[in-house]
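Going down the list, the protein sequences come from chains Y and F. For the record, in the first sequence the residue sitting at position 36 is 36 according to the numbering used here, with numbers rising by one throughout. For the record, in the second sequence the residue sitting at position 36 is 36 according to the numbering used here, with numbers rising by one throughout.
Read the hints as simulated data drawn from the structure, not as lab findings. Predicted model, so just to flag it, every value in this text is computed and none were measured. Glycine included, C-beta positions come from ideal geometry on N, C-alpha and C. There may be inaccurate statements among the hints.
Said to hold, decoys possible - Simulated DEER-style distance windows between Cβ atoms:
{"#": "1", "chain 1": "Y", "residue 1": "T102", "chain 2": "F", "residue 2": "E66", "range": "15 to 25 Å"}
{"#": "2", "chain 1": "Y", "residue 1": "E62", "chain 2": "F", "residue 2": "A1", "range": "14 to 24 Å"}
{"#": "3", "chain 1": "F", "residue 1": "Q42", "chain 2": "Y", "residue 2": "E62", "range": "42 to 52 Å"}
{"#": "4", "chain 1": "Y", "residue 1": "E18", "chain 2": "F", "residue 2": "R109", "range": "25 to 35 Å"}
{"#": "5", "chain 1": "F", "residue 1": "G62", "chain 2": "Y", "residue 2": "T102", "range": "15 to 25 Å"}
{"#": "6", "chain 1": "Y", "residue 1": "G16", "chain 2": "F", "residue 2": "A17", "range": "48 to 58 Å"}
Unchecked claim - In silico SDA-like pairs for lysine to any residue, Cα to Cα no more than 25 Å straight-line:
{"#": "7", "chain 1": "F", "residue 1": "K49", "chain 2": "Y", "residue 2": "D30"}
{"#": "8", "chain 1": "F", "residue 1": "K106", "chain 2": "Y", "residue 2": "I55"}
{"#": "9", "chain 1": "F", "residue 1": "K106", "chain 2": "Y", "residue 2": "A88"}
{"#": "10", "chain 1": "F", "residue 1": "K106", "chain 2": "F", "residue 2": "S12"}
{"#": "11", "chain 1": "F", "residue 1": "K49", "chain 2": "Y", "residue 2": "E101"}
{"#": "12", "chain 1": "F", "residue 1": "K49", "chain 2": "Y", "residue 2": "F96"}
{"#": "13", "chain 1": "F", "residue 1": "K101", "chain 2": "Y", "residue 2": "E101"}
{"#": "14", "chain 1": "F", "residue 1": "K101", "chain 2": "Y", "residue 2": "D30"}
{"#": "15", "chain 1": "F", "residue 1": "K49", "chain 2": "Y", "residue 2": "I26"}
{"#": "16", "chain 1": "F", "residue 1": "K58", "chain 2": "Y", "residue 2": "R98"}
{"#": "17", "chain 1": "F", "residue 1": "K101", "chain 2": "Y", "residue 2": "M15"}
{"#": "18", "chain 1": "F", "residue 1": "K58", "chain 2": "Y", "residue 2": "N97"}
{"#": "19", "chain 1": "F", "residue 1": "K101", "chain 2": "Y", "residue 2": "N97"}
{"#": "20", "chain 1": "F", "residue 1": "K101", "chain 2": "Y", "residue 2": "R98"}
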Amino acid sequence: DAGVIQSPRHEVTEMGQEVTLRCKPISGHDYLFWYRQTMMRGLELLIYFNNNVPIDDSGMPEDRFSAKMPNASFSTLKIQPSEPRDSAVYFCASSFNRVLETQYFGPGTRLLVL
Amino acid sequence: AQSVTQLGSHVSVSEGALVLLRCNYSSSVPPYLFWYVQYPNQGLQLLLKYTTGATLVKGINGFEAEFKKSETSFHLTKPSAHMSDAAEYFCAVTPMNRDDKIIFGKGTRLHILP
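Bound conformation, chain Y alone:
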């Protein structure tokens, strides 16, 4: 398996623009996680899905952020409108079981909002 795939790897955009980050989890994994990493706040869980259903979105910063998982092999994280404080590295991870099993992380999307 190719591992968790994220695209794009880098994104530079201007404040107010819509940003869409994409993730393809490892085939057969039924949990998918979106994280955000910044120097100030470290690694934060934004939202996670089980079998394509959002389970906990308490980490989503505000209404400008939304995430979907239309099928088992694809998820998106959308920011609309984007702001400079959204600049961060966004990671997608997947696992068989949320608690016990290993989470496999993608390479991340480095987002810069000007």
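Fit chain F to the supplied structure of chain Y, relying on the hints for placement.
Only chain F this time, still in chain Y's reference frame:
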């Protein structure tokens, strides 16, 4: 609620010296504990985890960690540091036998001095 404290955001050791990265947790129920490593420009990958059983856990690349309930600690060690160990290390906790998200510490960046 669970929390993780990693003492020292940066740790420097000489090549060949002992590596000790400290992690203390807070959990109202017995925890599962994890160490993840992040190499530059990559996602996180699992080093080792404690679920049940033996409190001394061995992981990849010669790392190990010991769960000490009385000290609420899960420190990561390696007898002899290698240049390739330079990375950021994250301790994480989740409650045992309960469906809940993993909480990550803020990370410790390990520097290896030649």
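Hint-by-hint comparison with the structure:
no.	hint	verdict
1	T102(Y) with E66(F): 15 to 25 Å	20 Å, holds
2	E62(Y) with A1(F): 14 to 24 Å	22 Å, holds
3	Q42(F) with E62(Y): 42 to 52 Å	29 Å, violated
4	E18(Y) with R109(F): 25 to 35 Å	33 Å, holds
5	G62(F) with T102(Y): 15 to 25 Å	19 Å, holds
6	G16(Y) with A17(F): 48 to 58 Å	50 Å, holds
7	K49(F) with D30(Y)	20 Å, holds
8	K106(F) with I55(Y)	24 Å, holds
9	K106(F) with A88(Y)	15 Å, holds
10	K106(F) with S12(F)	17 Å, holds
11	K49(F) with E101(Y)	9 Å, holds
12	K49(F) with F96(Y)	16 Å, holds
13	K101(F) with E101(Y)	12 Å, holds
14	K101(F) with D30(Y)	15 Å, holds
15	K49(F) with I26(Y)	21 Å, holds
16	K58(F) with R98(Y)	21 Å, holds
17	K101(F) with M15(Y)	31 Å, violated
18	K58(F) with N97(Y)	21 Å, holds
19	K101(F) with N97(Y)	11 Å, holds
20	K101(F) with R98(Y)	7 Å, holds
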